Amino acid sequence: MFSGVIKGLFRPVAHFTSEFGRIWYLLMDTAYWTFRPPFKFNYLFKQMEFIGVKSLGIVIIAGSFTGMVLALQTYYGFRRFSSEGLVGATVALSMTRELGPVLTALMVTGRAGSAMAAELGSMRVTEQIDALTVMALSPVKYLVVPRVLASLFMLPVLTVIADFAGILGGYFVGVKLLGINEGVFISRMVKYVELADIYNGLAKAAVFGLILGVICCYKGFNTRGGAEGVGRSTTEAVVVSSVTILISDYMLTSLMF
Amino acid sequence: MDDSAIRIVDLHKSFKGQVVLDGINLEAKRGRITVIIGKSGGGKSVLMKHLIGLMKPDKGEVWIDGVEITRLKERELNQVRMKFGMLFQEAALFDSMNVFDNVAFPLREQTNMSEREVKRIVDERLKEVGLLGFTEKLPSELSGGMKKRVGLARALALDPEIILFDEPTSALDPIISLTITDLIKETQTHLKKTYVVISHDVLGMFRIADTVAMLYDGKIVASGTPHEIKRSDRGEVKEFLKATKIPGFGGGEL
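Chains as they are written, first to last, in the numbering used here: chain A, 1 to 257; chain B, 1 to 254.
Simulated from the structure, these hints should not be mistaken for lab results.
Remember, it's a predicted structure, so these values are computed and weren't measured experimentally.
The beta-carbon is built from N, C-alpha and C at its ideal position, and this holds for glycine as well.
Check each hint, because a few of them may be wrong.
[Stated by the list, open to error] In silico SDA-like links for lysine to any residue, alpha-carbon gap of 25 Å or less: (1) B:Lys56 / A:Lys46; (2) A:Lys46 / B:Arg108; (3) B:Lys56 / B:Arg108.
[To be verified] What follows is a set of in silico ranges between Cβ atoms, one per label pair, in the way DEER data are often shown: (4) B:Gly17 / A:Tyr25: 22 to 32 Å; (5) B:Asp10 / A:Ala227: 54 to 64 Å; (6) A:Ala227 / B:Gly17: 49 to 59 Å; (7) A:Phe16 / B:Gly41: 44 to 54 Å.
[Said to hold, decoys possible] So these bits of chain B aren't anywhere near chain A, every CB distance computed over 10 Å: (8) Lys16; (9) Asp58; (10) Lys59; (11) Arg81; (12) Met86; (13) Pro106; (14) Lys127; (15) Pro174; (16) Arg231.
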């Protein structure tokens, strides 16, 4: 009975470590195939369009409304000690250091990561991935490398756009709606936000891109069991990526700042 | 060089304690059609996946053209895979590409052919399977039988030595089944390649097979010409053929 308890406690740990190990292995495999010619730029560009260009809309909406609500909330806080002038700096710092990268990563996971997992999953269950293997072609090279690289490259780009949209949203609410002095709003922002804040945010975004690309591809790639399996792996891809992004966000932030 | 393209020696495979292949011995002759017949879920697909290195056996050997493949590394295995073409059960066409690009895919990725040469070969292959006018269609716009024909054209694209067929007539109506089996026979007569077919379609496959091997309970219980198999005294063979209820097959009746 005692050994049963031990086993019961140990099983989730064993499951977690073996999943982590296999995701790591896929990441290494992806790195290996990334640098092996011939390079498939057309597949990469197609994925960059899918992950990057087509996510623009939701990233802009998410970014601008977050900036707007941040301006609103901080305004009510700062007004108590008459420091409304700091609203701009606060919005800009929050967006570039934290909310820009994290929100973008979560939105892209929901939109493009789920689609990646579903597409690869249905390719797995309809034997299209086996078909590549039988043709003596590496499925990792053709399917995983373009997706992981595209999300690695596009996440920082989308983050810049989200940061900009957020600051613009904050400006609109702060200056136009709440009547903060425009000069103070902007000069404080310029004074307190350093380039390092932006760079570190973008470095985080790149790491998030790698995380969501590899995890979503892994989940799609290892789909089992028909349509139901595709649904399951899509859900798992989004949940595991999002949680990993949030956890690694804390770790990266504590290392960087 | 001996005349067997594929030789399987004492192949074992089990999944979570369930024995699927229990000592398979089998030979596929060069330039002939070998049909492996057996009931659904009897390990036929598993056997086929071993032939091309998609699965590793627990024990046993698989020889392809004199090379034992079960212990090869992925890169060496890919050399062997170049000899193969395969038609998957649901055709496994890439659904993001149209018919032309599907058939052209192995040519573009595995050779340095000019696009003109690629087009010439794709047209030729599509003509062989009777789908020349369908190059722009996407797989989702094709019927099951048409998908299989495109799959066959793709399997033949690189002119492989050995072509594997996973249930080529399953999920097709009797008339389309007949055209697919005829197409298999025609292309084989014309190209003289080694064909290995797994199927439970007794009537169709006995028409085209040079050799029939029956898989039963993880073992090959009988193998020979279709005529020999029909006359076999083995209980398992008789039982399977009888269950088809086809006149002339082991006591089936109208």
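Now the hints, each set against the structure:
{"no.": "1", "hint": "B:Lys56 / A:Lys46", "in the structure": "violated, 35 Å"}
{"no.": "2", "hint": "A:Lys46 / B:Arg108", "in the structure": "holds, 18 Å"}
{"no.": "3", "hint": "B:Lys56 / B:Arg108", "in the structure": "violated, 29 Å"}
{"no.": "4", "hint": "B:Gly17 / A:Tyr25: 22 to 32 Å", "in the structure": "holds, 26 Å"}
{"no.": "5", "hint": "B:Asp10 / A:Ala227: 54 to 64 Å", "in the structure": "violated, 38 Å"}
{"no.": "6", "hint": "A:Ala227 / B:Gly17: 49 to 59 Å", "in the structure": "violated, 28 Å"}
{"no.": "7", "hint": "A:Phe16 / B:Gly41: 44 to 54 Å", "in the structure": "violated, 33 Å"}
{"no.": "8", "hint": "Lys16", "in the structure": "holds, 13 Å"}
{"no.": "9", "hint": "Asp58", "in the structure": "holds, 20 Å"}
{"no.": "10", "hint": "Lys59", "in the structure": "holds, 23 Å"}
{"no.": "11", "hint": "Arg81", "in the structure": "violated, 4 Å"}
{"no.": "12", "hint": "Met86", "in the structure": "violated, 5 Å"}
{"no.": "13", "hint": "Pro106", "in the structure": "violated, 5 Å"}
{"no.": "14", "hint": "Lys127", "in the structure": "holds, 22 Å"}
{"no.": "15", "hint": "Pro174", "in the structure": "holds, 24 Å"}
{"no.": "16", "hint": "Arg231", "in the structure": "holds, 36 Å"}
Hint compliance for this structure: hints 1, 3, 5, 6, 7, 11, 12, 13 are broken, all remaining hints hold.
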